[in-house]
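Put together the whole structure using the sequences plus the hints.
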Amino acid sequence: MPNLSQDLIPVIDLATWAPTEQATQLCKAFREVGFAYIKNHGIPEEKIEEAFSWSRKFFDLPQSEKDKAPHPAEGWYHRGYSSIGREKVSQNLFDEDGLAQHRKVPDQKESFELGRENDDVMTNIWPPAAALPGFREFFVDFYNLCNGLEDKLLAAVAVGLHLPANYFDACHRGRDNQLRLLHYPPFAAELLESGQADCIGAHSDFGTMTVLFQDDVGGLEIEDQGGGAGEGGGRFRPVPCVPGTVVVNIGDMLMRWTNDELRSTIHRVLDALFHLRGSVDGGGLRADVSWAGSAEAV
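Counting from 1, position 84 in the sequence shown corresponds to residue 84 in UniProt numbering; the numbering is continuous, with no gaps.
None of these hints come from the bench; they were simulated from the model.
Subject to a maximum C-alpha distance of 35 Å in a straight line, what follows is the list of computed DSBU-like cross-link-like pairs (lysine-lysine):
hint: 1; residue 1: K152; residue 2: K39
hint: 2; residue 1: K68; residue 2: K57
hint: 3; residue 1: K39; residue 2: K57
hint: 4; residue 1: K39; residue 2: K28
hint: 5; residue 1: K152; residue 2: K28
hint: 6; residue 1: K47; residue 2: K152
hint: 7; residue 1: K47; residue 2: K57
hint: 8; residue 1: K68; residue 2: K47
Here are the simulated distance ranges between beta carbons:
hint: 9; residue 1: P243; residue 2: N144; range: 19 to 27 Å
hint: 10; residue 1: E50; residue 2: P72; range: 21 to 29 Å
hint: 11; residue 1: A18; residue 2: D169; range: 18 to 26 Å
hint: 12; residue 1: G244; residue 2: P70; range: 34 to 42 Å
Backbone N, C-alpha and C define an ideal beta-carbon position, used for all residues, glycine too.
Have a look at this one:
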């Protein structure tokens, strides 16, 4: 089976920034697949490698130290550390019985989530400085680097939709971006095959856009779109790591704003031993909820 990246997901190079040309390429990818590889994105490779290194250091801490930065009980408060099995990704499940059954299969991952430092609604929850000196300072800086990439990509999407470059700015005034570190520890393959465990089950992202940094272990898969949206029949294809690129995908909110012109594609993670998922603005970009209309020019 050929790699999906070779067949369908284009590599878009931002080295020579020509807004109209690259915006057209980006929107074409988001219409057809919902995903794109971005090359020369502006985040130094050494910074990404350092992010993976810090992430490994955090997840290698004793459980008692990680638990000192606990994710709050409230599901909407996306900050701090979640241990293995605490979070369960669900999609289109609304009845209590269905949710209870779904949660019997735990997601085999642990995570750490952070946002902007001056967020008064969701304050960051950091591990003790003595446990991991420099961790907080690095990720505050890395978060800001991701914001810069977000701004460029949102402007490109707007131009590709024949809208002003700043069209989506008003929807992200709060800068409520979320950076998430994910670790998938090894577990027995038969648990996955028998349906007794998941890494991250099939889902779409609920925000605007996700920027993903993945290592060479991979594990990300997206649903084959087939002849059209929702016609993939549940067949998934791997999205391997392409060195020097980041993966960007559209979320549900941007699909809604564009009247489904851009795709929020179903994806999942299988068989990943470790990767850092850096997502800008809420497992993707979390837009201000005050505006949920569609882009008028689309």
